[in-house]
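Chemist: Letter by letter, the sequence shown follows residues 1 to 315 in our numbering.
Please keep in mind that the hints were generated in silico from the structure rather than gathered at the bench.
Just so you know, these numbers come straight off a predicted model, no measurement behind them.
Every residue gets a Cβ at the ideal spot worked out from N, C-alpha and C, and that includes glycine.
Incorrect hints may appear among the rest.
[Claimed, not checked] Computed list of lysine to aspartate or glutamate pairs in DMTMM-like fashion (alpha-carbon distance at most 25 angstroms, straight line):
| # | residue 1 | residue 2 |
| --- | --- | --- |
| 1 | Lys295 | Glu216 |
| 2 | Lys170 | Glu216 |
| 3 | Lys295 | Asp167 |
| 4 | Lys43 | Glu9 |
| 5 | Lys170 | Asp202 |
| 6 | Lys277 | Asp309 |
| 7 | Lys170 | Asp148 |
| 8 | Lys87 | Glu216 |
| 9 | Lys170 | Glu116 |
| 10 | Lys87 | Asp309 |
| 11 | Lys229 | Asp148 |
| 12 | Lys277 | Asp266 |
| 13 | Lys13 | Asp50 |
| 14 | Lys229 | Glu185 |
| 15 | Lys99 | Glu57 |
| 16 | Lys295 | Glu211 |
| 17 | Lys87 | Glu22 |
| 18 | Lys87 | Asp151 |
| 19 | Lys189 | Asp74 |
| 20 | Lys229 | Asp151 |
[Unchecked claim] Listed next, with one range per pair, are the computed distances between beta-carbon atoms:
| # | residue 1 | residue 2 | range |
| --- | --- | --- | --- |
| 21 | Thr293 | Asn163 | 14 to 22 angstroms |
| 22 | Leu240 | Pro79 | 46 to 54 angstroms |
| 23 | Glu9 | Lys43 | 15 to 23 angstroms |
| 24 | Glu228 | Asn101 | 27 to 35 angstroms |
| 25 | Ser268 | Gly110 | 23 to 31 angstroms |
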Amino acid sequence: MSEIASVVERARKAFALVSRLEEAISRAPHDRSLQLNLAAMRKVAMQSQDSLFKFSERTHVEVCTYRLVAEASDNYALPYISASMLKYQNLFSQIYDAKRNGIKSNMAIGNNAWEESILEFGYSYSGSLGVVLLRQGSRDLLSGTFDDSIDALYQVMGIHDQNDVRDVAKNLGNAVVKRLHEWSEANLKGGFAADVRWTRSDGRQLGEIIERNRMERIVGIIDATSDEKIEDIEVAGVLLGGDLGSGSFHFVAPNAGDYRGHLAPDFSQQTEMLLGKRYVARIRERSTLTYSTDKIDRERLLLSLREPDGDTVPI
Numbered sequence: 001m002s003e004i005a006s007v008v009e010r011a012r013k014a015f016a017l018v019s020r021l022e023e024a025i026s027r028a029p030h031d032r033s034l035q036l037n038l039a040a041m042r043k044v045a046m047q048s049q050d051s052l053f054k055f056s057e058r059t060h061v062e063v064c065t066y067r068l069v070a071e072a073s074d075n076y077a078l079p080y081i082s083a084s085m086l087k088y089q090n091l092f093s094q095i096y097d098a099k100r101n102g103i104k105s106n107m108a109i110g111n112n113a114w115e116e117s118i119l120e121f122g123y124s125y126s127g128s129l130g131v132v133l134l135r136q137g138s139r140d141l142l143s144g145t146f147d148d149s150i151d152a153l154y155q156v157m158g159i160h161d162q163n164d165v166r167d168v169a170k171n172l173g174n175a176v177v178k179r180l181h182e183w184s185e186a187n188l189k190g191g192f193a194a195d196v197r198w199t200r201s202d203g204r205q206l207g208e209i210i211e212r213n214r215m216e217r218i219v220g221i222i223d224a225t226s227d228e229k230i231e232d233i234e235v236a237g238v239l240l241g242g243d244l245g246s247g248s249f250h251f252v253a254p255n256a257g258d259y260r261g262h263l264a265p266d267f268s269q270q271t272e273m274l275l276g277k278r279y280v281a282r283i284r285e286r287s288t289l290t291y292s293t294d295k296i297d298r299e300r301l302l303l304s305l306r307e308p309d310g311d312t313v314p315i
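Sequences and hints are given; from them, build the entire structure.
Modeler: Structure (structure tokens):
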């Protein structure tokens with residue numbers, strides 16, 4: 001980032017002076033000289049920021065302006081500010097990792113992807129709570145390092161229904177869904193809307209304000225999204241527990257796993273259930289994946305037991 005350090009420093013100083021002048025005017029709102037100085041300094045600050053954007057285009061630096069707007073109250077509590085920014089970094093890096101290394105369900109980010117996508121603080125600016133973040137990239141004739149990730153970021157933030165959630169999980173991995181949930185939830189707790197804008201290294205600008213009520217909808221949609229899968233399986237193993245009265249069973253298949261659940265409604269009451277005996281069990285497994293947690297809940301029904309020779313076991 002040393003190539004643009006001086007450009008960033010000029011912008012930082014200009015916006016810092018704007019903040020000091022705004023603070024001075026709050027104490028002396030009718031001071032004409034302060035008002036004139038503030039107007040002039042704001043112009044200088046915007047010019048310095050425009051210079052940064054132009055320079056970043058030449059040097060292939062991506063620029064993100066990230067601004068938090070307090071909607072629920074006038075407070076900017078540090079834990080909520082830091083949580084919002086950290087969750088945003090995690091969301092962006094998770095998307096970049098998916099583009100670079102493939103989709104994931106767990107939220108582990110590859111070391112190289114993490115190092116390559118870390119956003120660096122440039123400066124803060126007035127107007128709610130805003131920061132400018134930078135990331136050095138590279139470009140060829142067709143695209144830049146982060147073009148796809150930045151485009152995907154806004155697609156992810158734009159989910160409207162459960163089908164959109166499933167599409168994100170399919171194309172980018174459920175880890176990205178969980179990161180979006182975490183970021184939205186962090187801003188909800190802080191009472192923030194987020195104004196997220198990127199100026200890509202090709203000069204293209206993208207961005208929008210994600211209001212707090214929209215983040216609430218995002219959290220609700222993801223919380224409500226789940227997928228159910230029903231599968232009938234047949235495994236050989238040992239019956240360790242079974243009770244017709246309570247309707248429960250416990251079956252262990254050495255090479256397939258441990259199965260606990262209930263007897264199916266149509267499970268034959270005439271079936272022999274000898275504990276410790278080997279059987280072939282037909283089990284119906286209902287798996288429910290909850291996208292917000294990536295947790296899979298399984299319910300199992302024992303449909304039938306038969307001896308390994310293939311005959312149903314009668315009493």
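Chemist: Hint by hint, say whether it matches the structure.
Modeler: Do the hints match the structure? See the list:
Pair hint Lys295 plus Glu216 holds up; C-alpha atoms about 21 angstroms apart against a cutoff of 25 angstroms. Proximity of Lys170 to Glu216 is assessed by CA-CA distance (about 23 angstroms); at most 25 angstroms being required, the pair is judged to hold. Taking the CA atoms of Lys295 and Asp167, the gap is near 18 angstroms; set against the 25 angstroms cutoff, the hint holds. A distance of roughly 16 angstroms separates the Cα atoms of Lys43 and Glu9; the hinted pair therefore holds under the 25 angstroms criterion.
Pair hint Lys170 plus Asp202 does not hold up; C-alpha atoms about 29 angstroms apart against a cutoff of 25 angstroms. Proposed proximity of Lys277 and Asp309 is supported: the alpha carbons are some 13 angstroms apart, at most 25 angstroms. A threshold of 25 angstroms between alpha carbons decides the hint, and for Lys170 with Asp148 the separation of about 16 angstroms falls inside it, so the pair holds. As the CA atoms of Lys87 and Glu216 are separated by approximately 16 angstroms, the hinted pair is consistent with the 25 angstroms bound.
Taking the CA atoms of Lys170 and Glu116, the gap is near 24 angstroms; set against the 25 angstroms cutoff, the hint holds. As the CA atoms of Lys87 and Asp309 are separated by approximately 57 angstroms, the hinted pair breaks the 25 angstroms bound. Of the pairs offered as hints, the one joining Lys229 and Asp148 is violated, with about 32 angstroms between alpha carbons and a cut-off of 25 angstroms exceeded. Annotation: proposed proximity of Lys277 to Asp266 holds, straight-line Cα distance about 22 angstroms (limit 25 angstroms).
Distance hint between Lys13 and Asp50 is fulfilled; the C-alpha atoms sit about 14 angstroms from each other, no more than 25 angstroms. Between Lys229 and Glu185 the alpha-carbon distance is near 28 angstroms, which puts this suggested pair outside the 25 angstroms criterion. For the given pair, Lys99 sits about 22 angstroms from Glu57 by alpha-carbon distance, which is consistent with the 25 angstroms threshold. A distance of roughly 28 angstroms separates the Cα atoms of Lys295 and Glu211; the hinted pair therefore is violated under the 25 angstroms criterion.
Of the pairs offered as hints, the one joining Lys87 and Glu22 is violated, with about 30 angstroms between alpha carbons and a cut-off of 25 angstroms exceeded. Distance hint between Lys87 and Asp151 is fulfilled; the C-alpha atoms sit about 18 angstroms from each other, no more than 25 angstroms. Only pairs whose Cα atoms come within 25 angstroms are accepted, and Lys189 paired with Asp74 is accepted, the gap being roughly 14 angstroms. For the proposed pair Lys229 and Asp151, the alpha carbon gap of about 32 angstroms is over 25 angstroms, so the pair is violated.
The beta-carbon spacing between Thr293 and Asn163, approximately 19 angstroms, falls within the hinted interval of 14 to 22 angstroms. Distance hint for Leu240 and Pro79: a CB-CB separation of about 48 angstroms, consistent with the stated range 46 to 54 angstroms. In this structure, Glu9 and Lys43 meet the distance hint of 15 to 23 angstroms, their C-beta atoms being roughly 19 angstroms apart. At roughly 29 angstroms, the beta carbons of Glu228 and Asn101 sit within the given window of 27 to 35 angstroms.
At roughly 52 angstroms, the beta-carbon separation of Ser268 and Gly110 lies outside the given 23 to 31 angstroms, and the hint is violated.
The structure does not agree with the numbered hints 5, 10, 11, 14, 16, 17, 20 and 25 stated previously, though it agrees with the rest.
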